[in-house]
Amino acid sequence: MRQPPRWMDKLLAFYCEESLLEDLQGDLYEYFERNCNNKGPLMAQLIYLIDVLKFFRTYTVKTPKLLRKMNYLAIFKNSFKTSYRSILRNRLFSGINIIGLAISMSAGLLVIALIMELYQFDRFHSKADRIYRINNTITSDDEPNLFASTSVLVGDKVRSEFSGAEKVVTTSQGGEMDAQYGEKVVPFEYMFATPEMAEVFDFEVLEGDFQKALTDLNSLAITKTAAERLFGKERALNKVITSGDGVQYTIQAVLADIPKKSHIITEAFFSFKTKEEEQKGNRGFHSWFNMWSNYVYVLSEESSGADRLQAQLDALAERENENREEKIALSALPLTGIVPGPAMSNMAGPSFDLSLVWILIALASIILLSACFNYTNLSVARSLRRSKEVGVRKTVGATGGHVFFQFVVEAVIITLIALFGAIPLFYLARPLLLETFDDYYNVMELQLTPMIVVAFFVYATLTGIVAGMFPAWIMSRMKVKSILSDLSSVKLFSNVSVRKALVVFQFSLSMVFIISAFIGFSQYQYMLNFDLGFNTDNVLNVSIQSNDYRVLENEFRKLPEVEDVSFSLMIPSVGSRYLEEVKDMLTNDSLQLVYNKVHPNYLRLHGHNIIAGADFDESYINAKDKKAIIVNKQFLQHFNISSPDEAIGREFLVDYRRVKARIIGVIDDFHFGTTEEKVGPYMFVNGVGTGLEEWPDYYEMNLKLKTNDVRATMSDLEEAWSRVDKVHQFKAVFYSESIEQAYDFLRSIIRIIGALAVTAISIAALGLLGMVVFTTETRLKEISIRKILGASEGNLLFLLGRSFFILMLVAAVLAIPLTYYVFDQYILSDYIYRPDISWLELVGGSMLIFAIGAIIVYIQTLMAARTNPANMLRKD
Amino acid sequence: MKGENLGEFEEVVLLTIAALLNEAYSVAICDHIEEMTNRKVKLGVVHAVLNRMEKKGYIQSELGAPTKERGGKRKRFFNISHAGKVALMNSKEQRDRLWNVIPESIFNGI
Numbered sequence: 001m002r003q004p005p006r007w008m009d010k011l012l013a014f015y016c017e018e019s020l021l022e023d024l025q026g027d028l029y030e031y032f033e034r035n036c037n038n039k040g041p042l043m044a045q046l047i048y049l050i051d052v053l054k055f056f057r058t059y060t061v062k063t064p065k066l067l068r069k070m071n072y073l074a075i076f077k078n079s080f081k082t083s084y085r086s087i088l089r090n091r092l093f094s095g096i097n098i099i100g101l102a103i104s105m106s107a108g109l110l111v112i113a114l115i116m117e118l119y120q121f122d123r124f125h126s127k128a129d130r131i132y133r134i135n136n137t138i139t140s141d142d143e144p145n146l147f148a149s150t151s152v153l154v155g156d157k158v159r160s161e162f163s164g165a166e167k168v169v170t171t172s173q174g175g176e177m178d179a180q181y182g183e184k185v186v187p188f189e190y191m192f193a194t195p196e197m198a199e200v201f202d203f204e205v206l207e208g209d210f211q212k213a214l215t216d217l218n219s220l221a222i223t224k225t226a227a228e229r230l231f232g233k234e235r236a237l238n239k240v241i242t243s244g245d246g247v248q249y250t251i252q253a254v255l256a257d258i259p260k261k262s263h264i265i266t267e268a269f270f271s272f273k274t275k276e277e278e279q280k281g282n283r284g285f286h287s288w289f290n291m292w293s294n295y296v297y298v299l300s301e302e303s304s305g306a307d308r309l310q311a312q313l314d315a316l317a318e319r320e321n322e323n324r325e326e327k328i329a330l331s332a333l334p335l336t337g338i339v340p341g342p343a344m345s346n347m348a349g350p351s352f353d354l355s356l357v358w359i360l361i362a363l364a365s366i367i368l369l370s371a372c373f374n375y376t377n378l379s380v381a382r383s384l385r386r387s388k389e390v391g392v393r394k395t396v397g398a399t400g401g402h403v404f405f406q407f408v409v410e411a412v413i414i415t416l417i418a419l420f421g422a423i424p425l426f427y428l429a430r431p432l433l434l435e436t437f438d439d440y441y442n443v444m445e446l447q448l449t450p451m452i453v454v455a456f457f458v459y460a461t462l463t464g465i466v467a468g469m470f471p472a473w474i475m476s477r478m479k480v481k482s483i484l485s486d487l488s489s490v491k492l493f494s495n496v497s498v499r500k501a502l503v504v505f506q507f508s509l510s511m512v513f514i515i516s517a518f519i520g521f522s523q524y525q526y527m528l529n530f531d532l533g534f535n536t537d538n539v540l541n542v543s544i545q546s547n548d549y550r551v552l553e554n555e556f557r558k559l560p561e562v563e564d565v566s567f568s569l570m571i572p573s574v575g576s577r578y579l580e581e582v583k584d585m586l587t588n589d590s591l592q593l594v595y596n597k598v599h600p601n602y603l604r605l606h607g608h609n610i611i612a613g614a615d616f617d618e619s620y621i622n623a624k625d626k627k628a629i630i631v632n633k634q635f636l637q638h639f640n641i642s643s644p645d646e647a648i649g650r651e652f653l654v655d656y657r658r659v660k661a662r663i664i665g666v667i668d669d670f671h672f673g674t675t676e677e678k679v680g681p682y683m684f685v686n687g688v689g690t691g692l693e694e695w696p697d698y699y700e701m702n703l704k705l706k707t708n709d710v711r712a713t714m715s716d717l718e719e720a721w722s723r724v725d726k727v728h729q730f731k732a733v734f735y736s737e738s739i740e741q742a743y744d745f746l747r748s749i750i751r752i753i754g755a756l757a758v759t760a761i762s763i764a765a766l767g768l769l770g771m772v773v774f775t776t777e778t779r780l781k782e783i784s785i786r787k788i789l790g791a792s793e794g795n796l797l798f799l800l801g802r803s804f805f806i807l808m809l810v811a812a813v814l815a816i817p818l819t820y821y822v823f824d825q826y827i828l829s830d831y832i833y834r835p836d837i838s839w840l841e842l843v844g845g846s847m848l849i850f851a852i853g854a855i856i857v858y859i860q861t862l863m864a865a866r867t868n869p870a871n872m873l874r875k876d
Numbered sequence: 877m878k879g880e881n882l883g884e885f886e887e888v889v890l891l892t893i894a895a896l897l898n899e900a901y902s903v904a905i906c907d908h909i910e911e912m913t914n915r916k917v918k919l920g921v922v923h924a925v926l927n928r929m930e931k932k933g934y935i936q937s938e939l940g941a942p943t944k945e946r947g948g949k950r951k952r953f954f955n956i957s958h959a960g961k962v963a964l965m966n967s968k969e970q971r972d973r974l975w976n977v978i979p980e981s982i983f984n985g986i
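Heads up: the sequence lines are chains A and B, in that order.
Residues in the first sequence are numbered consecutively from 1, following our numbering.
Residues in the second sequence are numbered consecutively from 877, following our numbering.
Just chain A, with the same shape it has in the complex (with noise of 0.2 Å):
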């Protein structure tokens, strides 16, 4: 008699279920008998082999050994039931600890999604945890400087004299190139790389050869989407552009546009030759000083490298330093610790601060406990009411780690739950966040992959775990002698003090909150309207984008909404600061201040307080060698010039110390930096030159605007600039517009702040509201008796509420010189310009809670007290 084939014989005997195996194996059989007579063996075969996967069934398939073994199912099982029971019958206390769980983890998953991804930066390239960037390190008098960037002679020396070091990547800061192909301009960010990045990084190449385009003179590799802008649907490969200096650059690979979670973003990477050439005739360039604008990437050979590189890069510091007045430290900073990571200066790209993770974390995590204290206050209220249940439980054998275990599965599912209502919230969330911190780059997306997904479900089950274990701990050490003989005399014991505890605490945290958020915003009110001592004004600055200055004056100046022109080198009070070195001819002394170049008509239209001299007048505009200075009363205090009139004619070395400059004029002291910074000597330098130049003297261009209709005064100005420069978009920001960005991140945090509070205060409240629901019903016997012996609504009102009121008491006590506190001390003491925390702000934060919290109570209790008493009293 043919037999079924053995291998599938084996396959049943592997997932059946051993009491069933034998019998189901010879039913198969039999048929296979059978089936061989009527069908033939082959379809005997197939048949055999369909039954016996169509057998794999639950009640076929063995469990696995150890689970059975242990019989956690069971009590898994059982638990299951019990909990869906128990938050069935306690609809309000389990939907008041849902939302309010909803409500923190929210905040939770927004800072875990926004950590997940900070750590997806750079990680695309394979060699990622063997590439270092080298960091440099000023010390001035008041703190070292940590900057991003470091000198072109670094890379040199550690491409020639370290050992370790695979590969060297030297990058060069670019801009924004206009490139000329035929008849169209179209203008592209770029940067330039030495070869070795073709190498050490993993930027995807289309066409074309990497390498080659980072070796040859003047030879770029471009991305794709700029090569459509440029080529269309052209082959960009082998291309040659012009630049606006007439100097051609040859297209030799098409990259895949660089992915957004990367730090270096560019849209082109030229050959570091070609920078070189351009930089030939500045002997600076290699200099160990010349650390503004390039980077230095290592690769080393060994994953494990940093030690080795930074022994090596001390010694290098300690031979340039030899010999030298400021001293420059180098660092490496492995890649992945760029994003998020310190802060420095100089950093290209996009970047995230590690101590804002930290910062984040914190909140996400106090808001968290805020919600499960919560859960445990109000599951410990309850536990009188579950007590016999646990009684009963004890007395069939269930011990305390069962106990346990079952409220953990408890707190488990309903943070679970919570879970699913908080996803919804994220997603509202979401735009405040990605407002915040990247509304620059775009490259944080926040979204639901499936990674997220798991990596929220691991938090709420921990947040669970740990939600769930105070009750837990409490109901497992419960004696179920006492609990099942006399309810009422069931002693929590230090437990209402506990609670009261908790309450406490997240009503001081709601105070903390809503008090910073008071604080925050009048500050930032206070510096949006803070007197700068110039006129902004009506003040639209629009950037030059290399073209003719003189040109663009006369275009504007047709337009009758515009009443006065000017041109500078940057805008100040909005956040940067130029710096240039100043020598007095006099006396020697030097001093490194914050500057400005400008246009005569500059301090008139800003309206600049002149106490002596004279502005500069039309003979400086095109006045190359009659270099002329207005300085600030600081500047004089700096130098010891006794008078402002004494001032006028005295001689400095400007530029670096290259061309003499009188000063002609000294005006009164304004504020050139934000409200963290001390208004300091200043000096402005009259402008030269035709704005064609490679460094213009004037990028913005000053206008001051008379007109009530804005809309159509700035599309007329769009057409004027226009007529100018048809290549280049109309790019221009009123003055006011500028400073309120400069403040941008701070409203931000505000909002975030805002945010925040409206979070712990609803939790604070739920869990208010809970507790208020549970002791007015075990107190209503109370109530109703103290009703009937003639007690008032308001007796009953003042009774109940006034045991609240001492907590938010104590609340308010706690909170308001914390905040303070902390705000006077830390986080305004950076501001050297600020209004005083007011008692308004104090005080009307723990009112505003205090208000809320009272018409909780009131509401409750206040249904509470209208119950007849007659219905309470007749069920005993």
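These are computed hints drawn from the structure, not numbers from a lab.
Careful: at least some of the hints might be erroneous.
[As the list claims (entries may be wrong)] Here are the simulated DSSO-like cross-link-like pairs (lysine-lysine), alpha carbons at most 30 Å apart as the crow flies:
| # | chain 1 | residue 1 | chain 2 | residue 2 |
| --- | --- | --- | --- | --- |
| 1 | A | K62 | B | K944 |
| 2 | B | K918 | A | K54 |
| 3 | A | K10 | B | K944 |
| 4 | A | K54 | B | K968 |
| 5 | A | K54 | B | K916 |
| 6 | B | K931 | A | K39 |
| 7 | B | K949 | A | K54 |
| 8 | B | K968 | A | K62 |
| 9 | A | K81 | A | K62 |
| 10 | A | K81 | B | K931 |
| 11 | A | K10 | B | K918 |
Here the structure of chain A is known, so what remains is to put chain B in place on it, guided by the hints.
Just chain B now, with coordinates in the frame of chain A:
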């Protein structure tokens, strides 16, 4: 209690087991049902029903003596239990009662 009534197929299987006395095993049950009702029944379905009913307590089973056929694999024989018999009787009585109150005229001429 929920689920006291027998399902239709369960009843058919129980009746078959009762009929087959000591010869009731899965393949025989399948054959018997096909003979008596012209229904094609799959082994898998019958197997599952047998398992369920054993859990409910309507039938009992034990493995028979090994024989030469079926490659020496023993057969599992099923017997109807007391509860099973009661269930069958209840079902029949229910049906009979319902039938008895139907006026004769309705089924005349079928």
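(request) Identify every previously stated hint that the structure contradicts and give their numbers, smallest first. (result) The structure conflicts with hints 4, 6, 8, although it agrees with all the remaining ones.
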